[in-house]
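Using the sequences plus the hints, can you model the full thing?
Number of protein chains: 2
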Amino acid sequence: MLDLVGFDADDTLWHSEIHFQAAHAEFERILGAYLDLADASVHDRLLATERRNIKVFGYGAKGMTLSMIETAVELTGERISAADIHRLVGLGKEILAHPVELLPGVREAVAEVAQRHRVVLITKGDLFHQEAKVRQSGLADLFHRIEIVSEKDPPTYARLFEEFSIDAARFAMVGNSMRSDIEPVVRLGGFGVHVPYPVTWALEREHGLEAGHSRVAVVEALAAVPAALRAFG
Amino acid sequence: MLDLVGFDADDTLWHSEIHFQAAHAEFERILGAYLDLADASVHDRLLATERRNIKVFGYGAKGMTLSMIETAVELTGERISAADIHRLVGLGKEILAHPVELLPGVREAVAEVAQRHRVVLITKGDLFHQEAKVRQSGLADLFHRIEIVSEKDPPTYARLFEEFSIDAARFAMVGNSMRSDIEPVVRLGGFGVHVPYPVTWALEREHGLEAGHSRVAVVEALAAVPAALRAFG
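Protein sequences appear in the order of chains A and B. The numbers in the first sequence follow this note's numbering, run straight up by one, and end at 233. The numbers in the second sequence follow this note's numbering, run straight up by one, and end at 1233.
Bear in mind the hints are in silico, worked out from the structure with no lab data behind them. Here the structure is a predicted model, which means the values were calculated and not measured. Do not take every clue at face value.
To spell it out: a stretch of chain A is covered by chain B in this simulated footprint if at least three of its residues, at any positions, have a beta carbon under 8 Å from a beta carbon of chain B; those stretches are [stated by the list, open to error]:
1. 16–25
2. 65–77
3. 121–132
Take a look, some chain B residues computed to stay more than 12 Å from chain A by CB distance [to be verified]:
4. A1048
5. T1065
6. I1080
Glycine residues also receive a C-beta, built at the ideal position from the N, C-alpha and C atoms.
In structure tokens form, the structure reads like this:
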């Protein structure tokens, strides 16, 4: 029944958000030299800057770094030192250069799915960084296609379905984000296997899909994905 | 004889490098408050930082902005103010938000080529920014495919030829960069139409193709591209 299965990458195949959260924690420590952190709601201010800038920067570590710098300048009333701003640039570089760490059982699960269906990788964010991670992951050979997109919304998935020449009803997407991986695919008539990751970026937590949708399965780990797909038919 | 014609985008279909150069000039003016510009070779230092960082950042305005910040911190001995660093972030945002300005005769030239051949757009750099420019350009409908890649080297073109199911010998690339548009395609056995742009980023000027290659035409403007392609066969 399913012709094609898509896998998300960040926080589905390998760790990502923990590296961003580590950078955010270090960002707070750096700002702690200038501010009373108890009053400043640094995290909310950074999130507000990121939300505003996403229209100009898109997703990814470079835009996040520029948003950290803007937030730091604003929150410190332009008192932050050049040396500390240099450290913020370093936080971005650390994320970009961090070795890929696969989640447990990833290769086995994708390989098992690939025996029954064509599989594609669909990931969003910074093209250069995503390509580097795909290369490093050693998983590229399992996928029929690698698609790096700037946004995972219904128009993007609709375009991909056209390029793949498939009906949404014969496509399932596997990923950790209800907002980016599951909701848009289900809205178009496809299936979703939600594999929650312990931490999720605030902007990825916003979605409008009702709980218990008949075309959505929720599983605890990638190892359970092949069975969940078989249950769809 | 040609099955497919690729067009580069930045500085081939629309202006790009002049916006980066304007940002660089403003960068020098900002640093002029801290340095004797006559001694500092700001431009060379920025280029050295960009060259070093391209392995981590890839191409595009966000990476350029982070490289400007790093260079400014280093060249001023950490004396640059937070307010001035904020201005550098603003320079990057200006490039990203700048309206697309098509070069003269672009739509007519691409449309004429599209009457004889399938045409694709092949552009490198920041996915999010390139997509925004393609959308704004109003040219997307002319192209069979839009390919945004992180590097334009022989392996990238070889992968695209495979995806397009064509021989290199039946492909011609049109662009302003000998290094990214012409040399790798010609090395693989394809054709190139070089349309020089008045200014070229230093890192794009490096190439190893001999002058007067039989599969390369050089034309002064996009309007001359259809005739150059016909001359190839």
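Legend entry - Hint numbers contradicted by this structure: 1, 5, 6
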